[in-house]
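Q: Sequence:
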Amino acid sequence: MRTLIALDEPHATRLADELSRLGWDVMAVPVTAPGIAAARGGVRDAGDQELDLLVVAARHDTLTRELVTVCDREGIRIVPVGEGEAPARIAQAFGLGVPMSPRASGRELVRALRDPLPAAPAPRAGQRVIAVWGPAGSPGRSTIAIELAVELARDRDVALIDADSHAPSIALALGLPDEGPGFAAACRQVNRGALDVAELDRIALRLGRGPQVLTGINRPSRWPELREDRVRAALAVCREWADVTVVDVAAPLDRDEEIVSDLAGDRRNAATIAALQEADLIVAVAAADPVGISRFVRGYAQLRETVGATPIAVVANRLRPGALGIDARGQVRRSLDRFAGIRDVWFVPQDPRSADAALLAARPIADVARRSPIVSAVRRFVSEALAVDTRKAA
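In this text, residue positions in the sequence shown follow the working numbering: the first is 265, and each later residue adds one.
Where hints are given, some of them may not hold.
Said to hold, decoys possible - Pairwise CB distance ranges, derived in the manner of DEER restraints: (1) R644 x E347: 29 to 37 angstroms; (2) G444 x D419: 20 to 28 angstroms; (3) E347 x S284: 22 to 30 angstroms; (4) R483 x G439: 15 to 23 angstroms; (5) R367 x A462: 23 to 31 angstroms; (6) N482 x V461: 22 to 30 angstroms; (7) G457 x D608: 50 to 58 angstroms; (8) A565 x G457: 54 to 62 angstroms; (9) G605 x R644: 17 to 25 angstroms; (10) F603 x R519: 17 to 25 angstroms; (11) A500 x G572: 15 to 23 angstroms.
Because the hints were derived from the structure by calculation, they are not lab data.
Keep in mind the model is a prediction, meaning the values are calculated, not measured.
In this text, a Cβ means the ideal position worked out from N, Cα and C, and glycines have one as well.
The task is simple: from the sequences and hints, build the whole structure.
A: Put into structure tokens, the structure is as follows:
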């Protein structure tokens, strides 16, 4: 078995020697090599022969999204290695099971490979659901959700859903009638047992050549229509309806009603929590200013507690040097890393002229200002962060 080992010394050399004595074709490399190789588009050994197995340290700088993507494409099995909570969390995020101890022997590795690895959560049937969340303070959740849906709709069937039970805004931002049936009608049809793909086609509004839209409630007082069980069932049907479903949700994640009452009544934030828990990926939006980052850090811990191991991609929106001084990107990265343990951040710059033009025309920014840096940043985010999670089924 052709094996590449990328561990800290002396574990890499020791394990390579033990596996070589067992007749394996093994190569040990510096611990950062897999990330570099993945970034170049492939994981190969010195002889340019295809690998069968990669033994790699479960760290942020080695076990990367690019590396896992390449290994999945090439059919290379990954064995994560590490001890403690952090390596386990990193391995779990990629569905790789429990990391092996760095002190494990070559024979222990062989025995582990003969047994099935701890199972990752089974993927849900159907296509992908992406929930767009952000803390209180208008960080730009709806704007990112709209631009994300428009970008994804270039080569996919995409649905855009407004499930915000506090301040729905997608209909207003896109110039769509907010008296239409929308997502609340889909939830009502769930209650009647009548929601299917044909019904979603009937009640949805098509945004030009872009996504199909299920608008939100037109009055906040209608929030009881978005009950948790209805939202979950409606999103399950959406998986059959579209390749990707983008859901815009509200900021609050509190369960205060459950604290003050043990009655099985409606919950104001149930729609948000249900959508987040049903999603395959969370896009968490932070306003790139001191107040916005502070609010995001406080809300991120509660978000992680709500969604468990579901992957979260963080977007710092409306980046501008004026609010953060010199090296605005570095300031945001260091703050999120220090206070929330977030290493990967994508940035969307502020472009008020394009954003205002889009609001005036009630259309997506991508339609009225194609060269806007906002559009470019969202496109880069889709190609880099969402390539694995939103690719079309072959």
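Q: Given a hint of 17 to 25 angstroms, does the C-beta separation of G605 and R644 actually sit inside it?
A: holds, 24 angstroms
Q: Using the C-beta atoms of A565 and G457, is the stated range 54 to 62 angstroms upheld?
A: Once the Cβ atoms are compared, 38 angstroms apart, the range 54 to 62 angstroms for G457 and A565 is violated.
Q: Range hint 50 to 58 angstroms: satisfied by the CB atoms of G457 and D608?
A: Since G457 and D608 have Cβ atoms about 42 angstroms apart, the given range 50 to 58 angstroms is violated.
Q: Indicate whether the distance between the beta carbons of E347 and S284 respects the range 22 to 30 angstroms.
A: holds, 24 angstroms
Q: Range first: 23 to 31 angstroms. Now tell me if the beta carbons of R367 and A462 are that far apart.
A: violated, 58 angstroms
Q: Between the beta carbons of G444 and D419, is the distance compatible with 20 to 28 angstroms?
A: holds, 27 angstroms
Q: For R644 and E347, compare the CB-CB distance with the range 29 to 37 angstroms and indicate the outcome.
A: holds, 35 angstroms
Q: Evaluate the given range 22 to 30 angstroms for the C-beta pair formed by N482 and V461.
A: Between N482 and V461, where Cβ atoms are some 25 angstroms apart, the hint holds.
Q: Check the following: the C-beta atoms of R483 and G439 are separated by a distance inside 15 to 23 angstroms.
A: This hint holds: roughly 19 angstroms between Cβ atoms.
Q: Could you say whether the range 15 to 23 angstroms given as a hint is met by the Cβ separation of A500 and G572?
A: holds, 19 angstroms
Q: Should the hint that F603 and R519 are 17 to 25 angstroms apart at their CB atoms be regarded as holding?
A: holds, 24 angstroms
The earlier numbered hints that this structure contradicts are 5, 7, 8.
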